[in-house]
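Asker: In order, the protein sequence lines correspond to chains Y and U. Using the UniProt record's numbering, read the first sequence as starting at 1 and increasing by one per residue. Using the UniProt record's numbering, read the second sequence as starting at 1 and increasing by one per residue.
Simulated from the structure, these hints should not be mistaken for laboratory data. Idealized CB from N, CA, C, for every residue including glycine. Possibly wrong hints are sitting among the right ones.
[Unchecked claim] Here's a subset of chain Y near chain U, in silico, CB distances under 10 angstroms, partners left out:
no. : residue
1   : 8
2   : 77
3   : 139
4   : 155
5   : 158
6   : 177
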Amino acid sequence: MIILTVEQTIQWMKEIHKRMEVNKEQLTTLDQAIGDGDHGINMERGFAEVVDKINNTDYDTVADVLKSAAMTLTAKVGGASGPLYGTAFLKMATALQDKEVNQQNFKVAIDEALEGIKMRGKAEFGEKTMYDVWYQAAAFLDSEKVEDWQELIEACQATIEDTRALIATKGRASYLKERAIGHVDPGSMSSFYMFEALVSVLELEV
Amino acid sequence: MKKVLNSTDQVVEEMLDGFVTAHADSVKRIPDTTVIARKDAPVSGKVGLVSGGGSGHEPAHGGYVGKGMLDAAVVGEVFTSPTPDQVLEGIKATDSGSGVLLIIKNYTGDVMNFDMAAELAEAEGITVEKVIVNDDVAVEDSTFTTGRRGIAGTVFVHKIAGAIAESGASLAEVKAAAEKVIKNVRSMGVALESCTVPAAGKPSFTLKEDEVEIGIGIHGEPGIERVPLQSANEITSTLVAKILADIDYTNSEVAVLVNGMGATPEMELFIVHRQVAKMLGEKGINIYKTWVGEYMTSLEMTGFSISLLKLDDQLKEALDGQSDAIAFRL
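Please model the complete structure; the sequences and the hints are all you need to start from.
Answerer: Dropping the structure here:
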């Protein structure tokens with residue numbers, strides 16, 4: 001049973017953009033504490049471009065929408081976030097090529113995205129990066145049949161709180177060493193908004 | 001903060017425009033990109049050398065484009081890596097069929113964007129190799145972290161790889177020479193005052209009136225510690241001691257680069273160099289060549305860095321090779 005249609009995928013991108021717009025200041029403030037202070041600006045700009053692109057294109061498959069998003073993010077966001085999110089969406093697109101999006105296929109797509117982030121960012125779980133949130137989301141999808149997508153949000157939220165206590169060992173926050181403790185990782189936060197947006201459009205498999 | 005600007009979101013665009021206008025005899029801009037290339041690129045039979053990174057470090061890297069150094073520099077937003085599509089354009093503009101070497105400074109964003117560009121180029125049938133410069137001894141080196149940053153020592157990589165490439169060497173040989181420089185160059189910096197990214201409009205960090213940050217990164221990333229302002233000799237001694245402790249320079253010959261970060265007068269840089277030379281002399285380290293000036297800036301940051309490159313005969317010869325690069329004529 002299909003849990004994500006072309007229409008819903010387009011809606012997902014728009015919902016992400018809405019959240020980046022609303023939380024632009026928050027993401028930038030988080031990044032000023034432990035990074036170079038442009039995460040909110042870059043993510044809002046990137047997803048504005050994604051929405052602009054999909055508004056002007058016709059799509060037949062979910063994979064094509066995701067590929068468009070991947071290419072736009074890669075070319076427009078810059079920094080580390082561009083290639084990381086670009087790779088994540090590109091891997092999802094490749095995994096979903098010629099497939100309908102049921103829970104099983106979607107799980108494989110998230111696993112592929114996770115692998116992509118790991119390869120691009122050379123990250124492991126527990127290093128206070130966006131990888132932690134994607135890792136939890138993938139782990140959540142491992143559970144047999146999802147009864148309530150809200151639980152995915154809760155799983156991601158718990159991870160965000162966990163990153164607060166960590167020392168960063170990857171990314172620009174790593175130069176701060178113990179000075180990073182107590183701060184939420186901005187990339188984890190923007191990833192959280194993506195999953196929150198996803199949950200707002202996903203169907204339950206019945 | 002007063003700055004000479006028209007609009008904050010056109011900074012890079014207008015700078016590139018001005019740069020190619022000023023140096024139209026030797027460089028060109030690849031249309032609709034942020035790539036500055038040698039006017040005669042791609043140079044037939046020669047390995048292409050491409051570097052780049054965020055802007056705000058002028059003359060890096062556009063100033064190092066020219067015969068004997070880089071074939072192209074790819075420019076990103078201020079302190080932000082250029083995107084893979086732009087780097088790909090730089091690779092395509094400089095590949096003559098002999099392959100392209102990417103010289104990347106070790107920052108998470110730069111490495112990822114250049115990596116993706118390399119993958120895209122390979123998919124188009126271009127052979128690409130890359131080296132990652134990590135000369136900053138202020139940062140702990142460990143396989144579990146992002147590792148050391150690439151700072152002013154990168155200029156020596158451009159110079160030597162450039163000379164080797166100009167001699168007609170293969171991609172593997174040019175890469176090996178670049179790796180040798182990376183293995184033998186160490187740097188460290190200090191900041192007295194922050195810089196202000198135009199779009200941000202406020203200083204990237206703040207130091208107290210009498211405070212300096214030892215080991216500052218070129219985007220204002222934290223260094224080792226904040227200490228009260230000391231004399232030029234004392235600060236210089238701290239930096240040089242840390243560099244000399246990192247690799248064995250005993251009885252070696254070195255190239256010295258005393259680099260101003262944007263707002264430190266040359267007068268002060270020479271005072272620094274005086275102490276560098278004195279310390280190296282006492283250790284029996286012979287200075288082969290010296291550069292004092294602005295080579296890798298951080299907008300208007302006040303501060304400087306010191307780089308020491310340990311030389312052998314191959315590196316000396318390459319260092320002496322002719323260069324037409326605007327910021328490194330030799």
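Asker: Using Cβ atoms only, decide whether residue 158/Y comes closer than 10 angstroms to chain U, and label the hint accordingly.
Answerer: Where the cut-off is 10 angstroms and the nearest Cβ of chain U is about 25 angstroms from residue 158/Y, the hint is violated.
Asker: Hey, does the residue 8/Y contact hint survive, CB to chain U under 10 angstroms?
Answerer: 28 angstroms, violated
Asker: Holds or violated: residue 155/Y as interface residue toward chain U, Cβ cutoff 10 angstroms?
Answerer: 26 angstroms, violated
Asker: Double-check residue 139/Y for me: the hint is only fine if its C-beta lies closer than 10 angstroms to a C-beta in chain U.
Answerer: With Cβ-Cβ at 23 angstroms, over 10 angstroms, it is violated.
Asker: At a threshold of 10 angstroms, is the proposed contact between residue 177/Y and chain U supported by beta-carbon distances?
Answerer: Cβ of residue 177/Y sits 8 angstroms from chain U, so the hint holds.
Asker: Does the nearest C-beta of chain U fall within a distance shorter than 10 angstroms of the C-beta of residue 77/Y?
Answerer: 8 angstroms, holds
Checked against the numbered hints listed earlier, the structure breaks hints 1, 3, 4 and 5; every other hint is satisfied.
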